Amino acid sequence: MAYLHVDHVSKRFPGVKALDDIVLEIEMGRVHTLAGENGAGKSTLVKILTGTEKPSRGRVMIDGQDASSHDHLHKTIAYVPQEINLFGNMTVAENLFMPFSRSRRGGWLFKRRELERAAQTWLDRFKIAASPGDKVRHISISDQQLLQIARACTNESMKILILDEPTSSLTETEVERVFRVVRDVVASGCGVVFISHKFDEMFAISDTISVLRNGRKIETRPASQLDDRQLVSLMSGQEVKTDSRLQPEGGSGEVMLQVEGLCGKRFEDVSFALRRGEILGFAGLVGAGRSEVMQTLFGFLPARSGTVQLEGAPWRLGDTHYSIRHGLFYLSEERKYHGIFPGQSVRRNIGMALLSTTARHGVIDARRERARVGDIVRDYDIKTPTMNKNIAFLSGGNQQKAIIGRAMACDPRVLIFDEPTKGIDIRTKMEIYRLMKALAERGVGIILVSSEMDELRRCANRIITLYEGKVSGEFHIDQASGDALVGAIHGHGGGGHAA
Amino acid sequence: MLRKAMGFMVSNPLSGVVGVLALIVVVASLLSENFLNSYNLVIIARSLAFIGMITIAQSMLMILGELDLSLGAIGGFCGVIGGILMVKLGLNPWLAFALCLVIGALFGLLNGLLVTLLRLPSLVLTIGMAGVYGGLNLVITKGVAITGIPADIGFLGSGKWAGLPVPFWIMLLFLIVACFITLKTPFGRYMYAVGSNLSAARMLGIRADRVRLGVFAFAGFLAALAGMLMVARLGSAQPSIGDSWVLGPIAASVIGGVPTTGGIGTPLGAIFGAAIIGVIENVIVLLGISPYWQSMVSGAIVVIAISLDSISRRYFKRD
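Residue numbers (the working numbering), protein chains in the order written: chain A, 1 to 499; chain B, 1 to 319.
The set of hints was computed from the structure by calculation and includes no laboratory data. Hints are supplied without guarantee of correctness; some may be wrong.
[What the hints assert, rightly or not] Which stretches of chain B does chain A cover? Using the computed rule of at least three CB atoms under 8 Å from a CB of chain A, they are:
| id | segment |
| --- | --- |
| 1 | 173-186 |
| 2 | 201-209 |
[As the list claims (entries may be wrong)] Some chain A residues close to chain B (C-beta under 7 Å, calculated; not the full set):
| id | residue |
| --- | --- |
| 3 | Tyr-337 |
| 4 | Gly-343 |
| 5 | Gln-344 |
| 6 | Ala-353 |
| 7 | Leu-355 |
| 8 | Gly-362 |
| 9 | Val-363 |
| 10 | Ile-364 |
If you're wondering where the values come from, they're calculated on a predicted model, not measured in any experiment. Positions of the beta carbon are idealized from the N, C-alpha and C atoms, including for glycine.
I would like the entire structure built from these sequences, with the hints used as guidance.
Structure representation (structure tokens):
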């Protein structure tokens, strides 16, 4: 019998059935991937496995015993959340062993040297470059991601490790580091539950894949007996057309946005031009400064120097209000921190950008607002029971659609997408790609920042690479060889300027 | 119909605080036969008028995620300034009254400027500013009240209209204004946006600093109004006016559904919270409980009220 056995588990929340009669077996020494669209029930299932939610019906058997009456069994299941969840101002070693009692290294006194010595062995095992005394906020994102996994593994009773989209903020080379660790954990005899939206990763790492859809388990199969197409149709319940090329036609229009010598926090002397009708991609490692460039251009971060022109007119930097009023919109990858207003309804979240049209004589016309928000909810297929629902309760994909719909309502001339498909299922992904293409063909300038090479190759007409805050290459999509692109991203042998 | 009404009551965030208030009123009227007589209700209304104006101001700041602990000091200082203008300088009392409201708004604005320009946490800054305003107050008055306030404005403080004190009606007027601003105008939406997620608000081009300055100034205005109405009521400018206006309004706002973390709640809910505290304090007096027990009992009841609210929130999983 498998170590972890999910026995006909259902979970109800007020108004929703999040899980419906799930049966699942997770075995030791194997990687079991949970696949499903946003809102399919993966997160709820994970919460039940870790014991933070109780099933409404059914039970979870761990090691042959009913977990509901043996609470300690849940402790054998370690969970690494998608977001970085570390104490930024504390050291690597402190983060690794917090709370100290768990590793029996606390006692009454805090012994720094002993703690750091113990930490070093973990860092070596996980190939984390940072040293035990470094403050966590100073180490790289991928090291932080690995540190989170290492922290979960310091739990000596761990039998199953759950990784919730551990790669969503990593680039492809960094993903390989995570995979090495996963293989190492599996080799030590533990089971791994892996959650991802990226197919190549699922097939690269999994032994078994289970597909969830609308709270039900649709299928469990060995990974070797599945391919992309089957997986997509299992996840969505219908054939999804995955176009391989979604570049807008043309893209040789006049220059819309001209950036010259822009300098700011963590980047230097960035110049580029965006042409009307094209999608301009930005590639680079995490920390290369892509988001910083875009946020500075948008006015969210201060610029040290540089000039920008939009459609020939001089542009003012450092004022987001100005940027939006003059048609430049930035959609952050940090939906939670930069996008939604938690605690507010979907209606208010979307309505926030519509106030210039829904308010008359300084008073918001509620009927008008409801109608316009209703249109956006429908047009962008945002799944929510009512528009008065707290947006924090929507799935990530639906939050993203709400944010995009809100931005579109402002009629932007230039739209910057920063990792628009992070944590988003394949069907919504395709919708976003098609939307970007349609917008570009309508004359909106589109900049796409992405860590997924596949996404950039599929959507962008040109790709600019950044390395450590500087432009390291510019590629026309038809002339961009994979090697040259990857080289430019890593700062080797600057890419050919093929504009 | 009944079902719909029930659904509304469960989902409406105000139903909890209104229910608690109703319960307390019922209990109070059972405990003391004097509670529901009109004389006592006028007393409650009058004290609610003053604390209510500060509560409206504080709750609007709290929606933004800010606090102003100097509102009481601003109220007291503006009252004293008003007294000096009217008595010592012989200014027209109406003009002096209006001038003081402007000065109050400027004090609030100053707090807001220090918070936004220097990026200071408002909690710490306004503790300091409370010392500054309160200290200036004492330096000028040497702790002695300014008496002889012209009777012209007396009815603003002690008059009655339709059976209730004039300050109470003024408070209600500004409650309507505050609710209108927060719920019906773009500015109000920006307040919730800033309080709920400052980065996201900036990402949408909302000028968070302007929103903050506006609310700080409005709060200072309301504090000065409360202070001047108190001067009108007492007929003298007491330097101690406003000393007890600091913590009550914050507790009232929290009870009424405006957490200190910002982003949700309404001034209306906060006023219900203030009413709960007001009724409790009134009942303690009516029952003749020793004054030494009063602050302990009212403090404990605040703790109980917010605990009940938090528990019910978790139980019903209200958004």
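These are the hints, each one checked on the structure:
1. Look at the segment 173-186 of chain B against chain A: 3 of its residues bring a Cβ nearer than 8 Å to a Cβ of that chain, three or more, so the hint holds.
2. Residues of the segment 201-209 of chain B with a Cβ under 8 Å from some Cβ of chain A number 7, which satisfies the need for three, so the listed coverage holds.
3. Interface hint status for Tyr-337 of chain A: upheld, as the beta-carbon distance to the closest one in chain B is roughly 5 Å, under 7 Å.
4. The criterion of a C-beta within 7 Å of any C-beta in chain B is met by Gly-343 of chain A, whose closest approach is roughly 5 Å, and the hint holds.
5. Hint status for Gln-344 of chain A: holds, given a least beta-carbon distance of 6 Å to chain B, under 7 Å.
6. For Ala-353 of chain A, the suggested interface contact is upheld, since its CB lies about 6 Å from the closest CB of chain B, less than 7 Å.
7. The interface hint given for Leu-355 of chain A holds, since its Cβ lies 4 Å from the closest Cβ of chain B, which is under the 7 Å cut-off.
8. Contact between Gly-362 of chain A and chain B, as hinted, is supported at the beta carbon level, the nearest pair being about 6 Å apart and thus within 7 Å.
9. A least Cβ separation of about 5 Å between Val-363 of chain A and chain B falls short of the 7 Å threshold, and the interface hint therefore holds.
10. At its closest, the beta carbon of Ile-364 of chain A sits 6 Å from a beta carbon of chain B; the interface hint therefore holds under the 7 Å criterion.
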